[in-house]
Amino acid sequence: MKSNALKKSSLHIKSGDTVYIISGKEKGKTGKVLRIVKGKNKAIVEKLNMAKKHSKPTQKSPKGGINEIEMGIDVSNMLLYCTKCAKPSRAGNRILENGEKIRYCKKCEEEFKA
1 MKSNALKKSS
11 LHIKSGDTVY
21 IISGKEKGKT
31 GKVLRIVKGK
41 NKAIVEKLNM
51 AKKHSKPTQK
61 SPKGGINEIE
71 MGIDVSNMLL
81 YCTKCAKPSR
91 AGNRILENGE
101 KIRYCKKCEE
111 EFKA
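For the sequence shown, our numbering begins at 1 and goes up steadily by one.
Hints are computed from structural coordinates only; laboratory data are not their basis. Any given hint might turn out to be false.
[Claimed, not checked] As a list, the in silico SDA-like pairs of lysine to any residue whose alpha-carbon atoms are at most 20 Å apart:
#1 Lys38 to Lys87
#2 Lys42 to Pro88
#3 Lys25 to Ser76
#4 Lys40 to Ser76
#5 Lys38 to Gly28
#6 Lys87 to Glu26
Modelling step: build the complete structure from the supplied sequences, incorporating the hints.
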């Protein structure tokens, strides 16, 4: 019997990271990750992939109108951006002596701060 449950996967991107977009209409741009949508493997990046959302007037917002919001970008289309070497880089994982797990830049060995 086939299970409908999604496999839980770990992502190389966390909220607060600076990322570089490697494909899609926003290719070549950098931005800060605001939120991760784990079920869909997408990340909401600040001021990137903007879409217009039309809203009707309601009691809460009597004006209504057209709002611009950020839409999700697939995490496979982004790399972590290293601020030290100013380049996009893949992340490596390292376990310190005290048992703490950190992510680091594969190019310059700098630790990523999230």
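Any hints this thing doesn't respect? Which numbers, in order?
The structure conflicts with hints 1, 5, although it agrees with all the remaining ones.
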